[in-house]
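S.K.: What follows is the residue order along each chain.
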Amino acid sequence: MKKLFMVLVLICTAAATAPAQSAYDIKVMTPAVKSALDGRKSRFAELKTLKTRGVVGETNRGYVQALGGGADVQALVAAENKDRKLVYEAIVEQNKLGAAALATVETVFARVQRDKAEPGEKVQEPSGNWN
Amino acid sequence: MKYLFLAAALMCCAGCTVKAVGDPNRPITINAHVTIDIKGLEKTASGIEEYVSSGK
Chain W
-2 MKKLFMVLVL ICTAAATAPA QSAYDIKVMT PAVKSALDGR KSRFAELKTL
48 KTRGVVGETN RGYVQALGGG ADVQALVAAE NKDRKLVYEA IVEQNKLGAA
98 ALATVETVFA RVQRDKAEPG EKVQEPSGNW N
Chain A
11 MKYLFLAAAL MCCAGCTVKA VGDPNRPITI NAHVTIDIKG LEKTASGIEE
61 YVSSGK
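Chains W and A, in that order, are what the protein sequence lines are. Counting in the working numbering, the first sequence runs from -2 upward without gaps. Counting in the working numbering, the second sequence runs from 11 upward without gaps.
Source of the hints: derived by calculation from the structure; they are not laboratory data. Everything numeric in this text was worked out from a predicted model, so none of it was measured. Don't take every hint at face value.
Stated by the list, open to error - In silico lysine to any residue, SDA-like type, Cα no more than 20 Å apart, as pairs:
no., chain 1, residue 1, chain 2, residue 2
1, W, K38, A, T45
2, W, K79, W, N126
3, W, K38, W, K93
4, W, K82, W, R50
5, W, K113, A, E59
6, A, K53, W, E90
7, A, K53, W, E43
8, W, K113, A, Y61
9, A, K49, W, P116
10, A, K53, W, T101
11, W, K38, W, E86
12, W, K45, W, A75
13, W, K82, W, A72
14, W, K113, W, R50
15, W, K24, A, G57
16, W, K79, A, E60
17, W, K113, A, E60
18, W, K79, A, I48
19, W, K79, W, N128
20, W, K38, W, L83
21, W, K93, W, A42
22, W, K93, A, I48
23, A, K49, W, D112
24, W, K45, W, E118
Here chain A stands alone, though its shape is the one from the complex:
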């Protein structure tokens, strides 16, 4: 039974954390729980700028 409590505690901790991927050398932590995936954001930005530059 004590293992169940331990497992439940671990699951709670895991559920509170958002992990970043893509560029492990350049993570930017906004607060204790949210880390932005800079590579993903760059892809998004590139896509939007491509769309804008594609003209009318």
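Isolated chain W (complex conformation):
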């Protein structure tokens, strides 16, 4: 009986300490997610040009923001942010992270965007200041 007990304790310990998940992913490429990713790809070059010129910046919440320009820039930014939000929400939903995790996903994407930003591009620091 003691042996059985020890085995059960070991199983419990292993279950409690084992990594539940080491990475997250888009597990199901739904038409909506594919459309969002394709949309982001298609506007990437234009967005990059606007970023280089300082007309668009990356916020600390994982979205882009128009810092200048006209209605066309606003429209591009709105379309980009709509697609980004859809992808973020898909990650949350498909990995069962819970609705409250959306803010975390947004923050992590913002960090990645900051890391990828090239000199001269406008990025918002976690403090809210723009560089």
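Given the structure of chain W, go ahead and fit chain A onto it with the hints provided.
M.R.: Below, chain A alone, put in the same frame as chain W:
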């Protein structure tokens, strides 16, 4: 028999907990049971941004 009850209780507790890995210094707890693996999420985000920046 009492050990079996104890073991069953332990197994129940273990089954209700999701553990995070990758960055023990920066775990973000969303609620009592779900902790996000920030390193894993960063990898995912990097992969998606690489895909987006790869062009048409």
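S.K.: For every hint, state whether the structure bears it out.
M.R.: Here is how each hint holds up against the structure:
At roughly 31 Å between alpha-carbon atoms, W/K38 and A/T45 are farther apart than 20 Å, so this suggested pair is violated. Distance check on the hinted pair: W/K79 and W/N126 sit about 24 Å apart at the alpha-carbon level, beyond 20 Å; violated. A hinted pair counts as satisfied when its Cα atoms are at most 20 Å apart, and W/K38 with W/K93 does not qualify at roughly 26 Å. Using a Cα cut-off of 20 Å, the hinted pair W/K82 and W/R50 is violated, with the two alpha carbons roughly 24 Å apart.
Annotation: proposed proximity of W/K113 to A/E59 holds, straight-line Cα distance about 9 Å (limit 20 Å). Simply put, A/K53 and W/E90 have alpha-carbon atoms about 18 Å apart, close enough for the 20 Å limit, and the pair holds. About 25 Å separates the Cα atoms of A/K53 and W/E43, which puts this hinted pair outside 20 Å; it is violated. A hinted pair counts as satisfied when its Cα atoms are at most 20 Å apart, and W/K113 with A/Y61 qualifies at roughly 13 Å.
Note on A/K49 and W/P116: the hinted pairing is violated, with a Cα-Cα distance of about 25 Å set against a maximum of 20 Å. Taking the CA atoms of A/K53 and W/T101, the gap is about 14 Å. The hint holds against a cut of 20 Å. As the CA atoms of W/K38 and W/E86 are separated by approximately 18 Å, the hinted pair is consistent with the 20 Å bound. Annotation: proposed proximity of W/K45 to W/A75 holds, straight-line Cα distance about 15 Å (limit 20 Å).
For the hint pairing W/K82 with W/A72, the CA-to-CA distance comes to about 15 Å; that is within 20 Å, so the pair holds. Between the alpha carbons of W/K113 and W/R50 the distance comes to roughly 16 Å, so the proposed pair stays at or under 20 Å and holds. Distance hint between W/K24 and A/G57 is fulfilled; the C-alpha atoms sit about 13 Å from each other, no more than 20 Å. A hinted pair counts as satisfied when its Cα atoms are at most 20 Å apart, and W/K79 with A/E60 qualifies at roughly 19 Å.
About 10 Å separates the Cα atoms of W/K113 and A/E60, which keeps this hinted pair within 20 Å; it holds. At most 20 Å may separate the alpha-carbon atoms for a hinted pair to count; W/K79 and A/I48 exceed this at roughly 23 Å. A distance of roughly 24 Å separates the Cα atoms of W/K79 and W/N128; the hinted pair therefore is violated under the 20 Å criterion. Restraint check for W/K38 and W/L83: satisfied, since their Cα atoms lie roughly 14 Å apart, inside the 20 Å limit.
Our distance criterion of 20 Å between C-alpha atoms is broken by W/K93 and W/A42, whose separation comes to about 32 Å. For the suggested pair W/K93 and A/I48, the alpha carbons sit about 15 Å apart, so the restraint of at most 20 Å is met. A C-alpha spacing of about 14 Å is found between A/K49 and W/D112, which places the hinted pair at or below 20 Å, so the restraint holds. At roughly 9 Å between alpha-carbon atoms, W/K45 and W/E118 fall within 20 Å of each other, so this suggested pair holds.
Checked against the numbered hints listed earlier, the structure breaks hints 1, 2, 3, 4, 7, 9, 18, 19, 21; every other hint is satisfied.
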